[in-house]
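Novice: Order-wise, the sequence lines are chains S and W. Under the UniProt record's numbering, the first residue of the first sequence carries the number 1, and numbering increases by one thereafter. Under the UniProt record's numbering, the first residue of the second sequence carries the number 1, and numbering increases by one thereafter.
Be aware that a few hints might be false.
Chain copies aren't distinguished; within one or between two, either way the pair holds.
Unchecked claim - Computed list of lysine-lysine pairs in DSS-like fashion (alpha-carbon distance at most 27 Å, straight line):
hint : residue 1 : residue 2
1    : K365      : K325
2    : K297      : K549
3    : K456      : K549
4    : K503      : K276
5    : K503      : K377
6    : K365      : K262
7    : K297      : K520
8    : K365      : K410
9    : K435      : K549
10   : K167      : K110
11   : K520      : K435
12   : K410      : K325
It should be emphasised that the hints constitute simulated quantities derived from the structure, not laboratory data.
Protein chains: 2
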Amino acid sequence: MLKRFPGRVGIWCLKRPELRRTKCALYSASGAYLSDRSYHERRENSNENFSKRRVVGVVGVGASFLLGIYGYRYLKDDRRQVSSTEELDEEVASYSGKPGGRIDGLPTYKMADVAKHSSAEKRLWVTYKEGVYDITDFVDSHPGGDAILMAVGSALEPFWNLYAVHKTPQVTKLLEQYRIGNLDPAEAKENAEGHDPYHADPSRDPELVPSNKKPFNAEPLPERLIENYITPTEYFYVRNHLPVPVVDLSNYAIEIEGPGIKSTSLTLEELKKMPKHTITATVMCAGNRRSEMSQVKEVKGLYWGPSAIGNATWSGVKLSELLEKIGFDESTNEALHVQFEGLDLTPESNPYGGSIPIEKAVDPKGDVILAYEMNGKPLTRDHGYPVRVIAPGIVGARCVKWLNRIVLSKEESPAFWQRRDYKGFSPNVTAETAKWDEAAAIEELPVISAICVPSKHDHVHVNDDSTVTVRGYAWSGGGRPIIRVDVTSDGGDRWVEAELVEKSDARPGRHWSWTLWEVKVPVTASQNQVELWAKAVDSSYNVQPESFKHIWNIRGVLNNAYHRVPINLVR
Amino acid sequence: MLKRFPGRVGIWCLKRPELRRTKCALYSASGAYLSDRSYHERRENSNENFSKRRVVGVVGVGASFLLGIYGYRYLKDDRRQVSSTEELDEEVASYSGKPGGRIDGLPTYKMADVAKHSSAEKRLWVTYKEGVYDITDFVDSHPGGDAILMAVGSALEPFWNLYAVHKTPQVTKLLEQYRIGNLDPAEAKENAEGHDPYHADPSRDPELVPSNKKPFNAEPLPERLIENYITPTEYFYVRNHLPVPVVDLSNYAIEIEGPGIKSTSLTLEELKKMPKHTITATVMCAGNRRSEMSQVKEVKGLYWGPSAIGNATWSGVKLSELLEKIGFDESTNEALHVQFEGLDLTPESNPYGGSIPIEKAVDPKGDVILAYEMNGKPLTRDHGYPVRVIAPGIVGARCVKWLNRIVLSKEESPAFWQRRDYKGFSPNVTAETAKWDEAAAIEELPVISAICVPSKHDHVHVNDDSTVTVRGYAWSGGGRPIIRVDVTSDGGDRWVEAELVEKSDARPGRHWSWTLWEVKVPVTASQNQVELWAKAVDSSYNVQPESFKHIWNIRGVLNNAYHRVPINLVR
Numbered sequence: 001m002l003k004r005f006p007g008r009v010g011i012w013c014l015k016r017p018e019l020r021r022t023k024c025a026l027y028s029a030s031g032a033y034l035s036d037r038s039y040h041e042r043r044e045n046s047n048e049n050f051s052k053r054r055v056v057g058v059v060g061v062g063a064s065f066l067l068g069i070y071g072y073r074y075l076k077d078d079r080r081q082v083s084s085t086e087e088l089d090e091e092v093a094s095y096s097g098k099p100g101g102r103i104d105g106l107p108t109y110k111m112a113d114v115a116k117h118s119s120a121e122k123r124l125w126v127t128y129k130e131g132v133y134d135i136t137d138f139v140d141s142h143p144g145g146d147a148i149l150m151a152v153g154s155a156l157e158p159f160w161n162l163y164a165v166h167k168t169p170q171v172t173k174l175l176e177q178y179r180i181g182n183l184d185p186a187e188a189k190e191n192a193e194g195h196d197p198y199h200a201d202p203s204r205d206p207e208l209v210p211s212n213k214k215p216f217n218a219e220p221l222p223e224r225l226i227e228n229y230i231t232p233t234e235y236f237y238v239r240n241h242l243p244v245p246v247v248d249l250s251n252y253a254i255e256i257e258g259p260g261i262k263s264t265s266l267t268l269e270e271l272k273k274m275p276k277h278t279i280t281a282t283v284m285c286a287g288n289r290r291s292e293m294s295q296v297k298e299v300k301g302l303y304w305g306p307s308a309i310g311n312a313t314w315s316g317v318k319l320s321e322l323l324e325k326i327g328f329d330e331s332t333n334e335a336l337h338v339q340f341e342g343l344d345l346t347p348e349s350n351p352y353g354g355s356i357p358i359e360k361a362v363d364p365k366g367d368v369i370l371a372y373e374m375n376g377k378p379l380t381r382d383h384g385y386p387v388r389v390i391a392p393g394i395v396g397a398r399c400v401k402w403l404n405r406i407v408l409s410k411e412e413s414p415a416f417w418q419r420r421d422y423k424g425f426s427p428n429v430t431a432e433t434a435k436w437d438e439a440a441a442i443e444e445l446p447v448i449s450a451i452c453v454p455s456k457h458d459h460v461h462v463n464d465d466s467t468v469t470v471r472g473y474a475w476s477g478g479g480r481p482i483i484r485v486d487v488t489s490d491g492g493d494r495w496v497e498a499e500l501v502e503k504s505d506a507r508p509g510r511h512w513s514w515t516l517w518e519v520k521v522p523v524t525a526s527q528n529q530v531e532l533w534a535k536a537v538d539s540s541y542n543v544q545p546e547s548f549k550h551i552w553n554i555r556g557v558l559n560n561a562y563h564r565v566p567i568n569l570v571r
Numbered sequence: 001m002l003k004r005f006p007g008r009v010g011i012w013c014l015k016r017p018e019l020r021r022t023k024c025a026l027y028s029a030s031g032a033y034l035s036d037r038s039y040h041e042r043r044e045n046s047n048e049n050f051s052k053r054r055v056v057g058v059v060g061v062g063a064s065f066l067l068g069i070y071g072y073r074y075l076k077d078d079r080r081q082v083s084s085t086e087e088l089d090e091e092v093a094s095y096s097g098k099p100g101g102r103i104d105g106l107p108t109y110k111m112a113d114v115a116k117h118s119s120a121e122k123r124l125w126v127t128y129k130e131g132v133y134d135i136t137d138f139v140d141s142h143p144g145g146d147a148i149l150m151a152v153g154s155a156l157e158p159f160w161n162l163y164a165v166h167k168t169p170q171v172t173k174l175l176e177q178y179r180i181g182n183l184d185p186a187e188a189k190e191n192a193e194g195h196d197p198y199h200a201d202p203s204r205d206p207e208l209v210p211s212n213k214k215p216f217n218a219e220p221l222p223e224r225l226i227e228n229y230i231t232p233t234e235y236f237y238v239r240n241h242l243p244v245p246v247v248d249l250s251n252y253a254i255e256i257e258g259p260g261i262k263s264t265s266l267t268l269e270e271l272k273k274m275p276k277h278t279i280t281a282t283v284m285c286a287g288n289r290r291s292e293m294s295q296v297k298e299v300k301g302l303y304w305g306p307s308a309i310g311n312a313t314w315s316g317v318k319l320s321e322l323l324e325k326i327g328f329d330e331s332t333n334e335a336l337h338v339q340f341e342g343l344d345l346t347p348e349s350n351p352y353g354g355s356i357p358i359e360k361a362v363d364p365k366g367d368v369i370l371a372y373e374m375n376g377k378p379l380t381r382d383h384g385y386p387v388r389v390i391a392p393g394i395v396g397a398r399c400v401k402w403l404n405r406i407v408l409s410k411e412e413s414p415a416f417w418q419r420r421d422y423k424g425f426s427p428n429v430t431a432e433t434a435k436w437d438e439a440a441a442i443e444e445l446p447v448i449s450a451i452c453v454p455s456k457h458d459h460v461h462v463n464d465d466s467t468v469t470v471r472g473y474a475w476s477g478g479g480r481p482i483i484r485v486d487v488t489s490d491g492g493d494r495w496v497e498a499e500l501v502e503k504s505d506a507r508p509g510r511h512w513s514w515t516l517w518e519v520k521v522p523v524t525a526s527q528n529q530v531e532l533w534a535k536a537v538d539s540s541y542n543v544q545p546e547s548f549k550h551i552w553n554i555r556g557v558l559n560n561a562y563h564r565v566p567i568n569l570v571r
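Bound conformation, chain S alone (with noise of 0.2 Å):
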C-alpha cells in the first residue's frame, strides 16, 4: 500500500523566526486519496442505489504529515533498509500498542514542554493523545527541503480533524516509531476536544456525487450536467479545500491593498452599490477528468470525473473597475500579480489562496468579477458566500471563495496552492524531482471535451441509419470559442463533427461559456462494442492531445486527452 502514499508531500510556508527557518504546512490540501474506490466505482454506486448517493469514500485530503514520514523514513533512512513495501507493512502490522497511548517508563511532558521543542536546535516534537514524539530526524533531511510541519510543538489533533485521511492504522502505529514520552492526561483530553471542523458546513443536493465528504468535493453526473446549458447551481460541481466558513455579514468586508492603490474595505453592500455586471463563464477544476489519468498510473488527488465542470451567470463588480477606481494607474504601477485570499482557513488560520497575472485583472475585457450572485440569486455557501472571484477563461482555483482579501503584487499568491499544487509537469517527473518553484502555476486552462452521453460501459441503441448518439460539452480557456467537436467509432479511421447546439456568440478573446455538442455517429452492423472518442479544436486551432500517456503528470491535472468511452451496442 505504500506506494499509493508518497512520501513526499505539498507544503506551504510561514516565515517563523523561532525556526531559523520557515515553517511549512506539510500536507495536500488538494484533495483525498481515493485507493479503493474509483470515479466509475462512485458512479456506478450512485446509479444503482440513488439513496446510496452519498456514499462515505475514504475519506480524508491528501498525502499529509505522517504519510510523508511514513513513506520517507522507511524508505529513505539509511539506518532502516526496507525492501520491500509488504515488509513495511508487517512491520508497522507488528505494532500491538495503542497508538497514543501510555506507555509506561517513559517520561511526561507538558504541552508547555512540547512547544519548546519546535526548532532545530531543540529538536521537533509533535503529540499524539497521550504520545510525545520526536520528529526531528525526519525534518532535517525531508526531501522536500524546508517542508518543515505546520504542527512542530503543538498536537497533531487539529491537523487531524482537517485531514481526515491521517486516521488509519497504518498511520498512527507509524507515529508511534517516533515515540519518546507521555503527554499529561489532562492536556492530551483537552487536545482530543476539538471539535469536527465541517460541522458547520451546508446540506447539500443528491445530485451531487462526492468524491469526498471533508473538504466537500462532488460533481454531477454527466448525463445530468448537460441537461442545460446553464448549470443549476444545486448540482454545479463543488471543490472545496477548507471546511465552509461561516460569514457574519455583520463583520464581513473586503480588504484591498497595494502599491499605488489607496487600501480600501468594502462591505457587500458597499459593492452592490457599485455598477453591477453579469456574465455567463464556465467554471473548471483543473482536476477535471482525473479518473481518467489515473487509469495509466496513479496520481495524486481527488478522483473526479467528467463534470468537475459548469456554466453558469454570475454577478458583480468588475475587479477592473474597483481597482480603477482606488486609483490603480497601469502604466505607473508595479504589480504583476492580484493575489486573492480566502475566509476558508487552515488550522494554522492560514487562508486559502490563490492569484491571477494583473493584466487578466484589470482588462475590463477580461471580465473578472467579484461575484455576489450565481444564476441570479445570492451566491450559495458552497460556492463562496457572500463573495467570490470569477476569472473567466482561468482555473477553478483561482476563483477564490468566500473572498476576504486582495493583495497587488509583483509575487504570485504564496498560498500552497498557487506554488506547491495546480502545476503541470512532465510526465517523467516524480515528486522527488519536481521543480515546483520552476513550473507555471496553471492560469488560463486548455482546450477540453468529454462526452457525457452515453457512459462508460453503457448499453447503447443503435439508431435506425446505424448511428449512435452522443453528446457532450467542450470548453477553452482564455475566451477562446470550441469552433469544432469530432467524434469517432473506429479510432479516428473516420471522425464525424458534431453539431454545436448550444453556445454563445461572444466573440474569441472573451467566450468564456461552454458548448454543449450532439453527433449522429455511425457503427459498423457486425461490431457489438465500440469506443467513442472526442475531441474539441478551440479558435486558436489548438486539438486535445491523444491520450494521457503523455500528459500523465503527478498532480493528476490537465486532464484534457480524448475522451475515450466504451460502449456495448444494443441493436
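Mind docking chain W on chain S? Use the hints.
Specialist: Below, chain W alone, put in the same frame as chain S:
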C-alpha cells in the same frame, strides 16, 4: 496521377453582371503542388550540392483552372466513365497534336469573338496559343458551384504565366479535349507575348531553399534557422502568393477607411512621423511542417519543412494608435474586423488580402504594427517593402505585405486567402464536402515545436554520457509563452525536459517570440537507430497533438503534431 490533382479548387469571386453570376478566380493561390519532390528530397538536394540549391521544383501555384477540369470531367461526367487514373493518363498521353497548335478544318475566331462568349447563355470560351476552347459544360456543373473561371472570354496565358503549374503536357493535352476552333495567328502571337509577371522579383540569398519559385517561397535549412534568436533577414523564410510588386515611393500611400473613422491616406514619410514602436515577434506560415502531414495522405499546398518560421524585430507604427488618432472609438464603432490589402495583384488586379479581429487591432497590448523596418533596416522587397502588417501571435497570412489599404468592416476580408484558404477542417472533410463559409479562418496559431538539429536520417554522434544533443524551437500563438519542451528517444516511455536556452521575458498574452531549446536525450547502448520526438507546452497548458493522422486536413495547415525525427547513432 489523377488523385494528386483534386477536381475541387479554391475560388474567389467578383460580381460580373455580364455572366449573370459571380465570376470567380479558380485557383489555389496558397501554393504549388510538388508532386515529385518532397521537402526532404529538396533538403537533401540542397545538402548535397549547395550550388544546386535553387532547384527548379515542379513550379507553379496550386491546383487550378484546368487541373480542376481535368479531375472533374473525367471523374464526374457520366458520358465518360474512366475506371482508373492509369486509363486517364493513357488517354491524355494518346493525344499527339501540339497543344494550342492550329488544327485544319476548324473555324477561325478573333479575340473579339471569344470575348462575346463569356456568359452562360453564349457559352464560355477561352484561348490558348492558336486554340479556342469551349469549357461551358464543365463550368455549368462544376463541383465548386459558382466557381467560374476568371479567364472566360479571354486568353489563358496571363493566368498560366502567374501559375506556372499549368505548363505541363498533361494539362495542355487535356485542354485539347475542349477544342472548338483556331485563333487568329496575329492575336495568338500577341497573347503569347505576355511578359513573365515575376521578372521584377528581387534576387534572393542562396541560404533560402525554395519550395516554389514563382511565386517565390523558400525557407532556410533548419540547423541554420536556430543559429540565431533573431533570424537574419536574408534567410528569414519568404512566403509570397503573387509577384513582388514594384513600389514607387512617390506614389505610395496607405488608404484607411471604414465606419466611424476619418478616411485617411498616409505616405511612408507621414507614417514615420508617428511614434515608432519596435517589437520582437515570430511569424510563421500556416503550412510550416506541411511535408510531414503529407506523409499521412497528400495535401494541397507547398511542401514546407520546419523552417517556414522566423523571429525578427519589427519597427513601425502601432495600428491601435493610428486608429485612435483618426477617430476610432471602440465603444461605438461597429466594426468587427480590420481588413488589409496588399499591392500584390492577381491577373484580374485583385489584391492579396486578409483580416484580423478588431479586438486584436485596437488593443495597445495586441502590438499590431504597420512595420517599415525589419531587424533595424527598411523592409526588403520580399518582406513587404515599404510597409507590412505584423500581427504578432497570428498566422503569417494575415501579416499582409506591401500594405496598400486598411478597411474596418463588420466582415472578414473578402479575399480568397481569408475565405477559401487558411482554414482548418476535420480529417474526414474532403474538397467536395468542405463548408468553407462555416469553418473558422486561422488567426491565432496553436502551440508548435520542431527539432532542428539533428535532421532526419542524420548520423549523430552519441555523447560520452550516452546521450544525443537535440536542439530546436518552440512557439505558440496568442502571445502565450512556451513553458516546457519535452523530448524522447523511446516513444515517450521516458520524456526529458529541454532547457529553454533563449527566450523572451515578456508577459503571457504579449509573448510574441519563439523559444530556442536544447536537451541531451539518453539513448540505449544497444540501439543504432532511434526516433526523436519533441512536444511543447504553452502557458495555457495546451500541448501539441501526438500524430498527424487525427489532425490531417485537406489544406495541410496547422501541422503541429509532435516533431518526429529518425536518426542513426554513431559511437
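Novice: Looking back at the hints listed earlier, which ones does the structure fail to meet?
Specialist: none
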